[in-house]
Amino acid sequence: MIPALASPPGSSWRRFSFVAPRQPPPNGDGRDGSETDGNNRARQRSSRFARSICGRRYRLHGVRRYRNPELPMSSTTSGTGFDPERQAIALACRVLAARDLAPGILGHISLRVDGDRLLIRCRGPRERGLAFTTAEDIRLVTLDGTEGAAGEFDDGYQPPNELPLHTEVLRARGDVNAVVHAHPAAVVAADLAGLAVRPIVGAFDIPGFRLAAGGVPVYPRGVLLRNRQLAQEMVAAMGDRPVVILRAHGLTSVAETVERAVIQAISVDTISRLSLQIASAGGALAELTDDDAAELPDLGNALNDTIAWRHELGRLENHRS
Numbered sequence: 001m002i003p004a005l006a007s008p009p010g011s012s013w014r015r016f017s018f019v020a021p022r023q024p025p026p027n028g029d030g031r032d033g034s035e036t037d038g039n040n041r042a043r044q045r046s047s048r049f050a051r052s053i054c055g056r057r058y059r060l061h062g063v064r065r066y067r068n069p070e071l072p073m074s075s076t077t078s079g080t081g082f083d084p085e086r087q088a089i090a091l092a093c094r095v096l097a098a099r100d101l102a103p104g105i106l107g108h109i110s111l112r113v114d115g116d117r118l119l120i121r122c123r124g125p126r127e128r129g130l131a132f133t134t135a136e137d138i139r140l141v142t143l144d145g146t147e148g149a150a151g152e153f154d155d156g157y158q159p160p161n162e163l164p165l166h167t168e169v170l171r172a173r174g175d176v177n178a179v180v181h182a183h184p185a186a187v188v189a190a191d192l193a194g195l196a197v198r199p200i201v202g203a204f205d206i207p208g209f210r211l212a213a214g215g216v217p218v219y220p221r222g223v224l225l226r227n228r229q230l231a232q233e234m235v236a237a238m239g240d241r242p243v244v245i246l247r248a249h250g251l252t253s254v255a256e257t258v259e260r261a262v263i264q265a266i267s268v269d270t271i272s273r274l275s276l277q278i279a280s281a282g283g284a285l286a287e288l289t290d291d292d293a294a295e296l297p298d299l300g301n302a303l304n305d306t307i308a309w310r311h312e313l314g315r316l317e318n319h320r321s
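Heads up, the sequence shown is in the UniProt record's numbering, so the first residue is 1 and it goes up one at a time.
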């Protein structure tokens, strides 16, 4: 059985409720029988704050919602389940955009939820790009591209053209539940410049070092992976590796969780940026020595995934504010 995706670290469920501001006592300050200017101003500020919460940031439906006021659920899809997973994928899409790995309208993330269905970022009639993804944009689809539940394609939503990129990975890789496809410019530029992703960093990014040391293959065609044959070519080029670069196109990152797949993509993008900077400065890309590599510890998933993802969500919150 595929394990359920946990809520992103640092997030929690809660029931939003609204408590009206406490009214001042009839006698203002409770002593002299008149309302002071200070109490009056405080009450006005409290009232404005309450209206701002109700009117702008929070959607108070009297039901439990994910603790991110910017990601409302859709009435079309919320009845079909997987609400936490839809929210997690939507947040991950925003992280990709905030990290400049998917700055425009292209790119998508998927998550396997059972044997033949996946949640995937789809496009609707109000499409604005990954930076504005909400849970409403995450729809349930079968591996054959049909609706995973009634109503999933309502309101004009359709899966991305490159759905086969996701479904062929999930068909071929039983170790994978999540697929990230992004268009990071630095990764594309470094590959076209002949700069492979190599283990040039050490303690700077230990998981990134290990990913690069194991090899990041390249799919050598700059095509849209819109059918099963092309997607199978990409899967063959990827082999059992977690990331593959798509020449003149972008990258695909796969993992057991959405969080890990996004973090891997960030590491590859970071190494590609460093490689371009080193090359532009006239330097050579020197790989970490074996002795130094042997000294690098495994800091564990708590740091590599949990805290790293909490950091990404924090950056995302700052990015919005």
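There could be a bad hint or two in this list.
Said to hold, decoys possible - FRET-style restraints, in silico, Cβ to Cβ: (1) G151 x E295: 49 to 57 Å; (2) E256 x A294: 23 to 31 Å; (3) D154 x D290: 24 to 32 Å; (4) A281 x A248: 43 to 51 Å; (5) A302 x G239: 26 to 34 Å; (6) N318 x G194: 23 to 31 Å; (7) R241 x D154: 19 to 27 Å.
Calculated directly from the structure, the hints in this document are not laboratory data.
Beta carbons: idealized from backbone N, C-alpha and C, even for Gly.
Under the constraints set out in the numbered hints, which ones does this structure not fulfil? Going through the list in order, the structure violates hints 3, 4, 6 and 7 and respects the others.
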